[in-house]
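**Student:** With the hints as extra help, turn the sequences into a complete structure.
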Amino acid sequence: MVSVSHPTHSWDIIQDVFYRKEQVYELTWQIPGLEDYRVAAAKSGGPIALLRDETKMVLLGRHNVGKPKIMVYSSSGIQIASLSWDLSPPVMIGWTPEEQLLVMAEDGTYRIYDLSAASAGISTRGGDPVAQSLIAGEYRQYTLGSEVADVGVISGQVHDEGFVVLTGSLAFVHVKGWKGGRAAALCATAKGPFHHIRPSPAGRFLALTTASSSLWVVSSDFSQSIADTDILTLEGNHDASMPNEVEWVGDQAIALKWDDGRLFVMGPQGEGLSYLYSPAPVLVGEIDGLRIISTETCEFIQKVAEPTLAVFRPGSTHKAAVLLEALENFEQGSPRANEGIRSIKPDLASAVDICIEAAGLEPDPVWQKKLLRAAMLGRSFLDLYNPTDLVNMAQSLKILNAVRHYEMSSYLHLRPEPVLKHWACAKIAAATMNSGAGGAREDEELRRIIVRKYETEGGKGAGGYAEIARRAWQLGRNKLATKLLDHERRPAEQVPLLLSMKEDRLALVKAVDSGDPDLVFHVLQHLRATNAPGDFFSMVDDGSTKLAPAAKLLQVYGKEGDKELLRDFYYQDDRWLDGALLSIEEAGETEHAQERLASWQHAVKDLGQDKERTFEHKMAEESLRLLTLQEQMERELEHKYAFSGLTLNETMSHLLRIGLGKRAEKIRSDWRVPDQRWWWIKLKALTANRDWEGLEAFAKSKKSPIGYEPFVKHLLSVNEPSRAAIFIGKCDVKNRVDLYIKCNEWVKAASECKDRGDRARLEHLKANAPTTLIQREIDDIIKSAPVKSGGGFFG
Amino acid sequence: MSASPAFVRPAEPNVGPSSAPRKSAPTASVSGDSSSHRNTSGFNTFNNRSVDVSLLKNLARDTLLEALTDIQGQKTLILDKALSGPLGLITDVSLLKHQAVEKMFWLEAGPLNAQTRHIVWLCRPKRQFMQIIADQIKAHQQLSNPSPASPTRSKGKLDEPSSAPHQHHTYTILCTPRITSLCRKVLEDLGVIGDVELREYRLEWIGMEDDLLSLEMENVARDVYLNGDDTPVFHASLALMTFQRAFGLFPRIVGKGDAAKRLFNLMQKHRQSDPATYGDLELSNQVDSLIIIDRSVDWVTPMCTQLTFEGLLDEYVGIKNSQIEVDPSLLSTNSSDSAPAASNSTDTFARVPTAPKKRKHHLSGLNDSVFADIRDLNFASVGARLSKIAKRLEGDYEARKGLKNVREMKDFVGRLGGLQSEHQALRLHTGLSEILMPITRSEEFSKMLEIQQNIIAGYNLSSQLDAIESLMNQEIPAMLVLRAAVLLHLAQGGIRQKMLENFKKEFLQASSVYGYHYLSLFIALESLNLLSKSPTITTFPQMRKPLRLLVDEVDDVNPNDISYVYSGYAPLSVRLVQCVSMKPAVLATSVTAHNNINTSVASTAERDDTAESVIPDTLPRAHAIVGWKGFEETVRAIPGATFDELQKPEHGGPLTNCSCFFRSSPQVSVLISFR
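Residue numbers (our numbering), protein chains in the order written: chain A, 5 to 799; chain B, 844 to 1518.
Honestly, the hints are just simulated from the structure, not real lab data.
Be aware that a few hints might be false.
Calculated pairs, DSSO-like style, for lysine-lysine (alpha carbon to alpha carbon, straight line, at most 30 Å) [as the list claims (entries may be wrong)]:
#, chain 1, residue 1, chain 2, residue 2
1, A, LYS556, B, LYS1290
2, A, LYS556, B, LYS1112
3, A, LYS666, B, LYS1348
4, B, LYS1290, A, LYS563
5, B, LYS1348, A, LYS622
6, B, LYS1163, A, LYS563
7, A, LYS180, B, LYS1244
8, A, LYS180, B, LYS1028
9, B, LYS981, A, LYS556
10, B, LYS969, A, LYS183
11, A, LYS706, B, LYS1290
12, A, LYS563, B, LYS981
13, B, LYS1341, A, LYS615
14, A, LYS734, B, LYS981
15, B, LYS1341, A, LYS688
16, A, LYS506, B, LYS1028
17, A, LYS609, B, LYS1341
18, A, LYS609, B, LYS1348
19, A, LYS787, A, LYS738
20, B, LYS981, A, LYS550
**Tutor:** And the structure:
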């Protein structure tokens, strides 16, 4: 075993508090100095994004001129992604809690990059520089709106739930969330009296550097001043300058950084530790300490945690320290091991726990193992001990060490899917790097390997082919991507990717196959936006039965809100009837007579093109003719009457009612209105006008083609029984009696019976007569009957 | 109209010749849309083992309430009018108030007057709504947030935040059942997508009755058959998946029609593509099959005038989402809290001012025993039944005179509330009958009925068009005329070109209710092959016999067969369901009527008919589902896919049999095998 330095070697003390500074990584990147960059690091040891700071002068030749590039590195300095930036100059970068990268342009446009897809393809060992063209992050783009765009953005800050920017008009604008939420003005001032304001990780304190050059630590509600230290007189601050960066180190200490490379970690009382870096590092506050990223290393400084103190503090007599010592004795075969353990027997369980905890806090595997062994030793002296913590810790450490040393581990109790996905993406990336975008044979081979692995390892229903396919596409292997997509069972995943791969037709086919019309609409929208109308139509309406539903949905889409598109579609395809229908629909929707006329004109024209539609053509012509006539009449009658929009029957009826019977007759003959209909119209119009003379004259004008019962019934329906009765004489004999009764003409009903010699009915009438007077009259008729009829029917 | 009514049939534990006499027909029924239809008490619970639909009922309500609770604080709710009916069936205003809904408006164009912090739109995903909402958001923002960048420069001190942040509004659109990419695009194009949060409210099953679930979608037939837009089918497939998540996989799915087949296919697809959600579904032990019949299979029935009490109300007064609009005097009551009208009337959303003249009333058999009693009666016998109920009520009231002691008095008072509400209901239904009576007695009504029955029976078809035209001259409603014409087309396979064109011309020229714009409708009917020149293929005539669609001796008062609902015509779609679930009912050559008919077991048939037959005790009853057996040839002759599939749980391997057509069986002696 290599000799290992004792953990306390990295410890330092501020007052009576121990701090440790460990080197986490030696960075592999080739960055000469971070001072030229805006740097944003994600929390919890997350990735680091670098962006050339345009406001700083730069040595010629040190950076590429041209479009800004954003480079993303892991905490160990391996490049994860490189994003080219084509918008206006970026003014802010930051990470969301989900480790998505937010980049804000000067004009308020911002993108949120999801790098997980891109990172999936990096082969990690040794950090091979991956060709940058291969890496493209997916992003969503939003804007802060035109008002912000007008004044521009100066800078900003990302926090856990959103971000704040300072606009060119010195207003703060806040956006909540990461989904393009609305920009809301926060408050209307900018310059405060403080150079830096930093809340502590737990949010209890604020560290402020004030205009009077002091570092003021105050409870976050400003109620309690904790410390107020004059920065200018700080130990080592020889030029009495103000720091350029202030960060918390946990909740206890504050780090101050000067651009010349000085770093001072200060305890509550103003004393602290000085470090010197060249060039100056970048500070990243973490919840439990501070990450220091310099050009060469990534270091972590934190307060030494309690369990670690208990075990390793020089001269510690803590039971956990005793347990560790016992282990050393035990391993050397010394009987003092037993002694030591017995001396702490009552607290042994908690000593074991502390050793386990301390193991988790040690970076070095040698000490981790030692502490776990101590815990195991202690455990064997306990009757009842739940080993879950020990097992979990051992497992976690194994995984963490493996990750740190780039070893794929099978100890992860994860669903196989993400692992498979990662594996497949790496597989494709590696294959592509070795041999470029391979031929069809190689594509097929890769597909086979991936699918087989998926089926054997993934378990039933493993999905996620779409994401692998997306990776393949990003790597330029369209064929492979398409093949892989075929295995994807969720069309909602398949279709958008096919669209971004420009596999338009395939996307359309898959969308139709899915049976989800919304997916088809989605594709149609996309195709509509990216293609010339002609190409769009011929792609959707290719005459195949496969795409027939899409052609239908195109029309639904058009009717919903793109009528011009639809009209073009019908025109291009000689669909005259459909075009005409569209016009007729429009005619029905408009309020304006002129527009209605124009729409019908269109319809007539279109229908005229279709040889199969002579009837419809004729009807449309009629409609147009009627509209024209109505308009003409309105003009001639000096707009005293409105005809527009009435049906043919209504027009005639209206004319009759206003005493323009001649015109009505003219329409009747022009339109060859059948007699029956004409008679109904005129009957109703005359009745409505209460033109009783006219009605009688009309009835006599010729034999009614609808008979006379409609006269009776219609007059009855408008409550004119006596006038109705006039026409009963012309009705069918066998109905007359009933009709008379309906008209309340009992006597006439009786004489009708008498004429027909229906004695039984007469008696019935008499019995049911409403008044005695009528009864008597009926009786008279009955009595007169034999004499008058002479026929002796009653015999 | 319903595109794909589907029948769900509860499992039968114990089938076979030995099983004890059972109550009749099974089944809860579910339907794609029941703009007017409901299914009946027909689906009698089988030994009370019906499917408990309250689970789905609560789901609809709870998801809405959750969606609203998620938005914390006072909110203004702006509602798509078309949703008020369906929502009225699942919740009411007071429940919404609990979710801090302060005000409600209809979703209409025009500025928004909302003071609350949150503004929520609840609507169907329609383009025009998105446009209105975008306009409203823009106008509302201008009003309440004048420009965020108004710099107030002040030095040295942090300004107090201005009052502006408190005025912030949040905008949420709750789309039901889904957000479509079309809507998203519209909002994007109008530049408000960043200002508004889009959420989905998966409104699926709405419990109409204890045995009826509906999706209450509108214009389903138009979308699916005319426009080729399967959105409703897709939605129905998701809803049926939800159903299966609640009750388990349908062990068997039987269906008829191309759209029905597409629905079935989608259901299989969901299982495949979303194993995380549907992978572990087991076979249901409550439901033994799903029958899917698609509207295109039976266009005949909805063309006929419905003749039951509820059916006629639907035809002439209009039932929408189980609600009817009536004169308030019919609902008024002297003792306000005991009357059902007051508690029933789902004027949930009527707070929003509408035409105040009529009031909405929720028609339901659940809390209106009089309605439950008469809804499915042929209208001819409604009068008698009503007066019988009136007499009984009178007797019950009279009972108070004979009360002997305090205890009896107490009992009586206890029943009084029930009596009063029954009395109230009686008044309402008597009033409604009085509205219907003159209509059914009119000459036009009987003439139309005669025409319909002649056409259905295939009697003297050649003179029916003339008869329709002469009714048209009398300006009867356009839809009645068209329905009769379509019926004629279906019965004789088209109409002779010359006659058809003449008919259309008359129709287009005629008075107010018709007009030239109907030209589009005629073209649509032609493309659906519902009204076109002869010859076209029709299968209706050849179905009359094998499916026993015409029943000569119908007893309207004591019916023994579903044909009473159309006074002699048994709805084709009902017969198809019977082919699967109640074969003897289709085959019966003569059934003796019974006098002691259990009246609660009645049935209705509506224009939209998903009506289900229900047959009293002694009549043919439901049996184990064995698919189309015995009717294969007949059913196959009807255009559209025919299928009968078994579903298997995932771990049992994938579906092995994917043939969509019926596997024919040699056994024909159906009668024997099912008795």
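**Student:** Please go over all the hints and tell whether each is borne out by the structure.
**Tutor:** Tested hints:
Under the criterion of a C-alpha separation no larger than 30 Å, the hint pairing LYS556 (chain A) with LYS1290 (chain B) is inconsistent with the structure, at around 40 Å. Restraint check for LYS556 (chain A) and LYS1112 (chain B): the C-alpha separation of about 22 Å stays at or below 30 Å, so the hint holds. Between LYS666 (chain A) and LYS1348 (chain B) the alpha-carbon distance is near 23 Å, which keeps this suggested pair within the 30 Å criterion. For the hint linking LYS1290 (chain B) to LYS563 (chain A), the alpha-carbon distance of about 40 Å lies beyond 30 Å, and the restraint is violated.
Pair hint LYS1348 (chain B) plus LYS622 (chain A) holds up; C-alpha atoms about 10 Å apart against a cutoff of 30 Å. Using a Cα cut-off of 30 Å, the hinted pair LYS1163 (chain B) and LYS563 (chain A) holds, with the two alpha carbons roughly 27 Å apart. Restraint check for LYS180 (chain A) and LYS1244 (chain B): the C-alpha separation of about 73 Å exceeds 30 Å, so the hint is violated. At most 30 Å may separate the alpha-carbon atoms for a hinted pair to count; LYS180 (chain A) and LYS1028 (chain B) meet this at roughly 22 Å.
Pair hint LYS981 (chain B) plus LYS556 (chain A) does not hold up; C-alpha atoms about 34 Å apart against a cutoff of 30 Å. As the CA atoms of LYS969 (chain B) and LYS183 (chain A) are separated by approximately 23 Å, the hinted pair is consistent with the 30 Å bound. Of the pairs offered as hints, the one joining LYS706 (chain A) and LYS1290 (chain B) holds, with about 27 Å between alpha carbons and a cut-off of 30 Å not exceeded. Distance hint between LYS563 (chain A) and LYS981 (chain B) is fulfilled; the C-alpha atoms sit about 25 Å from each other, no more than 30 Å.
Restraint check: the Cα-Cα separation between LYS1341 (chain B) and LYS615 (chain A) comes to about 17 Å, which is no more than 30 Å; the hinted pair holds. The hinted pair formed by LYS734 (chain A) and LYS981 (chain B) fails the criterion: a straight-line CA distance of about 71 Å is larger than 30 Å. Simply put, LYS1341 (chain B) and LYS688 (chain A) have alpha-carbon atoms about 29 Å apart, close enough for the 30 Å limit, and the pair holds. For a cut-off of 30 Å, the pair hint linking LYS506 (chain A) to LYS1028 (chain B) stands: about 20 Å separates their Cα positions.
For the given pair, LYS609 (chain A) sits about 24 Å from LYS1341 (chain B) by alpha-carbon distance, which is consistent with the 30 Å threshold. At most 30 Å may separate the alpha-carbon atoms for a hinted pair to count; LYS609 (chain A) and LYS1348 (chain B) meet this at roughly 19 Å. Straight-line distance between C-alpha atoms of LYS787 (chain A) and LYS738 (chain A) comes to about 23 Å, which keeps the hinted pair within the 30 Å bound. Taking the CA atoms of LYS981 (chain B) and LYS550 (chain A), the gap is near 42 Å; set against the 30 Å cutoff, the hint is violated.
In this structure, the hints that do not hold are numbers 1, 4, 7, 9, 14, 20, in rising order.
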